[in-house]
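**Q** These are the residues of each chain, in order.
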Amino acid sequence: MITQKEITLPSYSRGFHLVTNEILRALGELPEQGLLHVFIKHTSAALTINENADPSVRDDFEPSFNKLAPENAPYYTHTMEGPDDMPAHIKSTLAGSSVTIPVSNGRLNMGTWQGIYLCEFRNQSNRRKLVLTLYH
Amino acid sequence: MITQKEITLPSYSRGFHLVTNEILRALGELPEQGLLHVFIKHTSAALTINENADPSVRDDFEPSFNKLAPENAPYYTHTMEGPDDMPAHIKSTLAGSSVTIPVSNGRLNMGTWQGIYLCEFRNQSNRRKLVLTLYH
Amino acid sequence: MITQKEITLPSYSRGFHLVTNEILRALGELPEQGLLHVFIKHTSAALTINENADPSVRDDFEPSFNKLAPENAPYYTHTMEGPDDMPAHIKSTLAGSSVTIPVSNGRLNMGTWQGIYLCEFRNQSNRRKLVLTLYH
Chain D
0 MITQKEITLP SYSRGFHLVT NEILRALGEL PEQGLLHVFI KHTSAALTIN
50 ENADPSVRDD FEPSFNKLAP ENAPYYTHTM EGPDDMPAHI KSTLAGSSVT
100 IPVSNGRLNM GTWQGIYLCE FRNQSNRRKL VLTLYH
Chain G
0 MITQKEITLP SYSRGFHLVT NEILRALGEL PEQGLLHVFI KHTSAALTIN
50 ENADPSVRDD FEPSFNKLAP ENAPYYTHTM EGPDDMPAHI KSTLAGSSVT
100 IPVSNGRLNM GTWQGIYLCE FRNQSNRRKL VLTLYH
Chain W
0 MITQKEITLP SYSRGFHLVT NEILRALGEL PEQGLLHVFI KHTSAALTIN
50 ENADPSVRDD FEPSFNKLAP ENAPYYTHTM EGPDDMPAHI KSTLAGSSVT
100 IPVSNGRLNM GTWQGIYLCE FRNQSNRRKL VLTLYH
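Chains as they are written, first to last, in numbering that gives the first Met the number 0: chain D, 0 to 135; chain G, 0 to 135; chain W, 0 to 135.
FYI, nobody ran anything at the bench for these hints, they're computed from the structure.
All clues stand as given, with none of them false.
In silico SDA-like cross-links for lysine to any residue, where the CA-CA straight-line distance does not exceed 20 Å: (1) W:Lys90 <-> D:Arg57; (2) W:Lys40 <-> D:Gln32; (3) D:Lys66 <-> W:Pro73; (4) D:Lys128 <-> G:Gln32; (5) G:Lys128 <-> G:Arg24; (6) W:Lys128 <-> D:Gly110; (7) D:Lys4 <-> G:Pro30; (8) D:Lys128 <-> G:Gly110; (9) G:Lys40 <-> W:Gly110; (10) W:Lys90 <-> D:Glu61; (11) G:Lys90 <-> W:Leu17; (12) W:Lys128 <-> D:Gln32; (13) G:Lys66 <-> W:Lys66; (14) G:Lys90 <-> D:Ala72; (15) W:Lys90 <-> G:Pro69; (16) D:Lys40 <-> D:Gln3; (17) W:Lys90 <-> D:Pro54.
Just a sample of chain W residues kept apart from chain G, beta carbon distances all over 12 Å, derived: (18) Ile6; (19) Pro9; (20) Tyr11; (21) Arg13; (22) Arg24; (23) Leu26; (24) Ala72; (25) Tyr74; (26) Pro82; (27) Ser124.
To be clear about the criterion: a stretch of chain D counts as covered by chain W if any three or more of its residues have a C-beta under 8 Å from a C-beta of chain W, and this derived list gives those stretches: (28) 31-39; (29) 45-52; (30) 91-99.
Every residue gets a Cβ at the ideal spot worked out from N, C-alpha and C, and that includes glycine.
Assemble the whole structure, with the sequences as input and the hints as a guide.
**A** Below, the structure is given as structure tokens:
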């Protein structure tokens with residue numbers, strides 16, 4: 000069986016944000032066993048799974064990703080949409096456009112310290128669209 | 000239900016290439032609802048989802064990934080297959096070996112600006128094999 | 000049909016390790032056709048698919064990932080758990096928390112040179128938990 004739902008997240012500032020609860024709320028009751036696939040319909044934002052407890056981890060992701068895909072690199076030719084645009088595309092490929100998570104005993108079977116991050120790479124806030132697909 | 004198909008892409012030069020249409024052509028009619036999983040059977044190429052409109056984005060990925068995994072790094076020991084080989088392995092892990100995309104209303108439910116990239120990391124062109132798996 | 004199993008890997012030292020056989024042993028007989036999803040329940044380790052033959056590839060991943068997420072970066076604020084902790088979180092997002100692999104003709108349909116890597120990013124060895132989900 001497949002259940003699918005499209006949601007629009009609230010607007011988030013540039014950075015890394017926990018959105019596990021937003022996703023769980025949209026899904027309602029989970030099946031006993033299955034897989035949840037979460038897909039982001041954008042190329043300048045991403046989804047990843049990482050530490051859900053200490054906000055300093057999410058803070059440190061921001062300068063770390065800026066090092067990996069710096070603004071104003073001399074070899075960028077795609078510069079029309081601003082200095083944060085091309086880095087955002089590269090970061091979205093590094094982090095990934097979807098996460099897939101097992102569902103077991105009616106809940107997301109992540110580790111104690113895992114949560115789903117929305118990675119917002121643009122300076123201007125956007126309301127990002129996600130597609131949630133449950134296989135069970 | 001599962002539908003699975005193996006395809007061989009045409010040869011692409013080193014760089015990032017849109018292959019959404021090649022994949023759609025191989026699949027034929029899509030189910031109303033489901034998930035498409037696309038897997039690349041190689042470790043020196045990758046798949047990712049990114050901007051499908053302006054070719055300058057794909058151009059800028061090439062120097063950006065070369066910075067992330069430079070050729071001739073002094074700590075490489077796996078050098079027998081040429082200077083582009085070990086960087087290709089690292090890049091393939093950074094970008095990923097598969098993409099999973101929701102299918103809704105009989106079409107790939109990506110954002111307007113999203114497309115599937117084949118990332119070819121070797122200097123010598125190769126014909127890359129993909130496994131397409133549809134769940135519906 | 001869904002088959003799901005949770006396993007605990009043996010302890011591995013910091014670095015990149017082939018675990019394809021550990022996963023196959025836990026699964027037993029594979030279905031004719033389907034998908035295998037392997038999920039790691041941790042945020043300082045990761046899973047990826049890469050070269051399964053020459054151990055020098057796995058060796059070279061270690062310094063390469065250390066360059067991508069260096070220890071003691073001046074902008075880290077999450078430093079309480081040691082200098083290897085924050086880099087481990089970044090590396091886990093770069094490599095990814097799960098891999099999905101097609102199953103065809105009763106076997107994992109990877110390329111000849113592909114294997115599943117456990118990426119252990121902490122200095123202290125850990126026994127990592129995986130959730131294996133088979134769709135068929």
